[in-house]
Amino acid sequence: MPASDTKKFEIPVWRQADGLPLSCREKIKVLNENLEEIRAMAQDALEDGILMGCDEAQLREVLTALVDSLENPYGARRDKSGMAKAAPKKD
14 MPASDTKKFE IPVWRQADGL PLSCREKIKV LNENLEEIRA MAQDALEDGI LMGCDEAQLR
74 EVLTALVDSL ENPYGARRDK SGMAKAAPKK D
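Its first residue numbered 14, the sequence shown is counted upward by one per residue in the numbering used here.
For the record, the hints were derived by calculation from the structure and aren't laboratory data.
Check before you lean on any hint, since a few could be wrong.
[What the hints assert, rightly or not] Calculated cross-link-like contacts (lysine to any residue; reagent style SDA-like; alpha-carbon spacing at most 20 Å):
id, residue 1, residue 2
1, Lys40, Ile51
2, Lys20, Gln56
3, Lys42, Arg28
4, Lys21, Gln56
5, Lys20, Arg73
6, Lys20, Glu46
7, Lys20, Val43
Model the full assembly from the supplied sequences, consistent with the hints where possible.
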């Protein structure tokens, strides 16, 4: 894919549960590095799948489902307002 066709991914301002930005530079650095690694791996998986004949839309759906399946092992999730959400029930 030509560089002009690639979608720009902007690294977000990392926020705490209360909405305030993280201030620890080391934490921000780790989060940014993790995100860059995940993006590179997802890009490789997408390209491999397309080269092997998989449908691009399905690959994107599977990658999205993969992210949606991640679990927070540290307790209840919080929404943008900081309110705790009920943890999903495990079957």
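* Hint by hint, which ones does the structure fall short of? -> Those not satisfied come down to hint 7.
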